[in-house]
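Assemble the complex: chain A is given as a structure, and chains B and C must be docked to it using the hints.
Taken in sequence, the protein lines are chains A, B and C.
First residue of the first sequence? That's 1 in this note's numbering, and the numbers climb one at a time after it.
First residue of the second sequence? That's 255 in this note's numbering, and the numbers climb one at a time after it.
First residue of the third sequence? That's 681 in this note's numbering, and the numbers climb one at a time after it.
Among the hints, a few may not be true.
As the list claims (entries may be wrong) - Not close to chain B: a few residues of chain A, all C-beta gaps over 12 Å, as computed: (1) T62; (2) G182; (3) A189; (4) L194; (5) D211; (6) I246.
Unchecked claim - Anything over 10 Å on all C-beta distances counts as not near chain B; from chain C, calculated: (7) S756; (8) L758; (9) P763; (10) I770; (11) N827; (12) R865; (13) A881; (14) E883; (15) I921; (16) L953.
Stated by the list, open to error - One side only, chain C facing chain B, incomplete, derived with CB under 7 Å: (17) P790; (18) I801; (19) F808; (20) T816.
Please keep in mind that the hints were generated in silico from the structure rather than gathered at the bench.
Backbone N, C-alpha and C fix where the C-beta goes; we use that ideal spot for every residue, glycine too.
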Amino acid sequence: MTPMLELKTVRKEFGGLVAVNDVDLSVSEGEIFSLIGPNGAGKTTVFNLVTGLDVPTSGTITFSGRAIAGLKPHVLAQLGIARTFQNIRLFGNMSVLGNVLVGRHARLHAAYWKAVVRTRDEREEEKNAREKAREYLEFVGLRRRHQDLANNLPYGLQRRLEIARALASEPRLLLLDEPAAGTNPQEKAALAELMRAIRDRGITLFLIEHDMKVVMGISDRVAVLDYGEKIAEGVPEDVRNNRRVIEAYLGKGA
Amino acid sequence: MSSFIDALVALLHGPFGNHPFAVLAWQVLLAGAAYLMVRLVRGRVPRQATAPLRLAGKGASVVLRNRYALLLIGLLLPLVELLTGGYLLSVTYSIELYVLLAVGLNIVVGFTGLLDLGYVAFFAVGAYVYGLFASPQLYEITKQTTYFLVAQSALGPEPGFHISMLVLLPVAGAAAALFGVLIGIPTLRLRGDYLAIVTLGFGEITRIFANNLDQPINITNGPNGVINIDPITIGNYSFGSPQNHLGPFQIPPFLNYYYLVLLLILLTVFIVSRLEHSRVGRAWAAIREDETAAQVAGINTRNLKLLAYASGGFFGGMAGAIYAAGQHLIAPDSFQLFVSILVLCMVVAGGMGSIPGAVVGAIVIGALYFFTPQLLYLRILVFGALLVLLIIVRPQGFLPSAQRERELEETDEDPSLVAPAPGPAP
Amino acid sequence: MQRCLDLLTSGLTPEGILQQLINGVTLGSVYALIALGYSMVYGVLELINFAHGDVFMIGTFVVLGVTGQFGLTGRSSLALVIPVLLLAMIAAMALCAVLGFTIEKVAYRPLRRAPRLAPLISAIGVSFFLQAWIATYVSSRDHTLPNLLAGDIPLYGDVSLRYVQVLMLVSSVVMMVGLQQLVRRTSLGRGMRAVAQDREAAELMGVNMDRVISFTFIIGSALAGVAALLWMLNYSTNQSIGFIAGLKAFAAAVIGGIGNIPGAMLGGFLLGLAESLGAAYVSNVSCGIFSSAYEDVFAFAFLILMLVFRPSGIIRERVSQRA
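Looking at chain A on its own, in the form it has when it is part of the complex:
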């Protein structure tokens, strides 16, 4: 099976600092793939490279066979890549529904002037977008709060809203950056459930997560980064018992 997302000897340097050191990764269609590693290992940088927020210093990134390194974030969104952020980045002064509608932007095509005239196809598209947005809110369990300001949602629901916004662009690959951070055990379980449901919709999941219970429970495959280098990759069971991984997490001699 050809991989959906493939990184080949990808390297990213900031000044003299090597954040990502010649990393190879491949995410297959339909799987849940997790990236783990200690803080500062370069995981979020990998996400930034895949979503176009950073450009790799060297190496290639392909998405469905197309080279994407250096493409702009909005182009990648149109190609079908969406993400959430580690420190939730919602549009705080917009409504919950508004946030999801912005997420839908990549799938709307009416010309700007049509918004002024309100042509029939523009109205149709907007109506459609609203319906879809409500659907995604329903899916993550936020339907009843669609009129609230995003800022006024409690933390756990903000995470869910961010996922709904990402889903609204109808991605084929969804990158979630520590979705379980700061949530309680029940919320974590519900989140794992949600992630499986997303996968069941045919969306490939690429995940950064610290919570081992979540990672080991739902991932098909796991890769481990340490100081920007990939030190292990495989099914959760193998990674869990990998010597280098244990060293990276607990220090040498553990």
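For chains B and C alone, kept in the frame of chain A given last:
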């Protein structure tokens, strides 16, 4: 009116003589006393006593939020003013132009969150486009070229260009929009205060060029400005002529321009509010809230920022063209940084990102500015102080966009004012 | 083409250039002192204190008032001039400090949690108020001091360094070094640096925000008072100089990397040089197309290029873009 001004001057000047320190001491005393009074009154007055005041405020807000009420006021105001002699008409007309500018700037600053302190440049571009192509100004330059012969044969016997407003209004808007894009491109990466300084610089550069492009070739006629600009004419009806009559009533030129601008405001508000509630407006708001997240959500932030500059510029340019026609003359001095600042104050004081806010902000700040005593610097003195006071009392603006209003209300100490929010499923 | 060459060769003499360099550096030293006020406030509050230039302007009028009170003329003896100038400087520093402190309390502090643009509007209001106040109750004309410290040191050909210019350079450098020490060594200076780094963390660590902010305004404004004295030794004042001088000083602060004290100094010098060389030679270099009427265009163009291409200043390169 003049006795009021005298009283104000005397009050601010105080009884201790002319020395600046004597005046300062008095004014500090005065401010201290006023502050103490407010403190005393605030603690003592029961909530019920201020209820009528708050109710009046709410009522005003309702009226001002109602676009039909606003429109009715706009339609009838000049007629009322005519009954009282009509000398206020030119002021009302100026405020109207500011309304147009504020609605335009609101796209850039309020919707998209790009702090623009050089908005006057768009106004100037529009004014000069109309001024140059509807006056004898370009006669000297063009008469030596063959192009001139073509232009003259096409445009009639009068020297210079005299193109109709119907053509020049969209051209002026488009020129200003293009100018907005040109300013926008180098500033795409800048945020916040740095953007403010850069746009301020572009605004000043525009004015300096207008001031100096009388050499080596006389394009703008330098500091003297362009004169003899054509009034707007539709068919045989000249907007600038004092000879127009409606039955027995004489129609002053400002009245013509007033209703023209009112029409333009309606059109602008219509277009802008449609944009606001479309995917374009949502994308602008997303850029304002978090540019990176907006990019990742699929928004081409470069294009949408440029679109914001262009739209803001378009309406500013149209306002400029009308201004030039109404004044008959334009000079670089009319396009000082001060205009940009005034319009920005209107947008912020009205409530950023809200169209009714921009309209009401322009009316209130415009009225404050134009109706404070026209005594050389006293006007700026009072205006500056009022500006500080206003923004401290109501930092979110008079009519913040509905969502922000709701947000602010929810943190209000009185829970009974808040509608019960739909809670999560039990 | 020949005309252009002539313009170039006739205008650009070594003496002329050296003189302009000297003028530029002295002008820049004043910009640098004003720039510190912008830089410090921006570092702590992320606010462009639009009223800072006007505080400086008020300072120039205080200097005028004090020297006028003692009836200084160009022929007064140094024994009178020096104490009076010192007194004027102290008075300007004190008044500017009080003014800066008051402005922060009245116009900015109530808005600390307000939307981001609110303090900017408030600052603009204060700026209008101060200008109009001077114009209404003091004067709306241009004023200069008599030439108090006549005499110069001949350098090369016709070029000389005036005593006044030496004084300006020396005092501004002294002030800057003093400020640097203050920020480095005192606990309030530490507080300022902490707040500039991360406001919330600093507050959690027990830094008294209000005190640090007041202190920042007081120091910045007092330096504007010093700048006011130096300015008056060589240039004229009126109620509106604060705005344009302030803008240039802000540009200097940005060029040097905002929040960076030696940077502000370097930025001030660079801007002063650019301005005096530009004004003197624009016409020669551009083949007579641009007259010195375009002086401000070049100042703004320089500022714009700087902000667009080097927003973190010329000294320090920021490692990663702030998200």
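Comparing the hints with the structure gives:
1. The beta carbon of T62(A) sits about 19 Å from the closest Cβ of chain B, which is more than 12 Å, so the claim that it is off the interface holds.
2. No Cβ of chain B comes within 12 Å of the Cβ of G182(A); the nearest lies about 18 Å off, and the non-interface call holds.
3. Distance to chain B confirms A189(A) as a non-interface residue, since its nearest Cβ pair spans about 18 Å, more than 12 Å.
4. No beta-carbon of chain B comes within 12 Å of the beta-carbon of L194(A); the shortest separation is about 16 Å.
5. D211(A), annotated as away from the interface, keeps every beta carbon of chain B farther than 12 Å; the closest lies near 24 Å.
6. Remark: the non-interface label on I246(A) is consistent with the geometry, its nearest Cβ contact in chain B lying 34 Å away (cut-off 12 Å).
7. A cut-off of 10 Å between C-beta atoms confirms that S756(C) is not in contact with chain B; the least separation is 24 Å.
8. Consistency note on L758(C): stated as away from chain B, and its beta-carbon is indeed over 10 Å from all of that chain's, at 29 Å minimum.
9. The beta carbon of P763(C) is kept farther than 10 Å from every beta carbon of chain B, the shortest such distance being approximately 22 Å.
10. Against chain B, the non-interface label of I770(C) holds: every CB pair exceeds 10 Å, the least being about 17 Å.
11. No Cβ of chain B comes within 10 Å of the Cβ of N827(C); the nearest lies about 25 Å off, and the non-interface call holds.
12. Every Cβ of chain B is farther than 10 Å from the Cβ of R865(C); the closest lies at roughly 30 Å, confirming the non-interface assignment.
13. Distance check for A881(C) against chain B: the nearest CB is about 21 Å away, which clears 10 Å, and the non-interface claim stands.
14. Once the 10 Å rule is applied to beta carbons, E883(C) is consistent with being away from chain B; the minimum gap is 21 Å.
15. Taking the minimum C-beta to C-beta distance to chain B, about 15 Å, the non-interface status of I921(C) holds against the 10 Å cut.
16. Look at L953(C): its CB is around 19 Å from the nearest CB on chain B, clear of 10 Å, so calling it non-interface holds up.
17. With its C-beta approaching chain B no nearer than about 5 Å, P790(C) sits inside the 7 Å limit, and its interface hint holds.
18. Against a cut-off of 7 Å between C-beta atoms, the interface hint on I801(C) holds, since the closest Cβ of chain B lies about 5 Å away.
19. A distance limit of 7 Å between C-beta atoms decides the matter here; for F808(C) the minimum to chain B is near 3 Å, and the interface restraint holds.
20. Hint status for T816(C): holds, given a least beta-carbon distance of 5 Å to chain B, under 7 Å.
Checked against the numbered hints above, the structure violates none of them.
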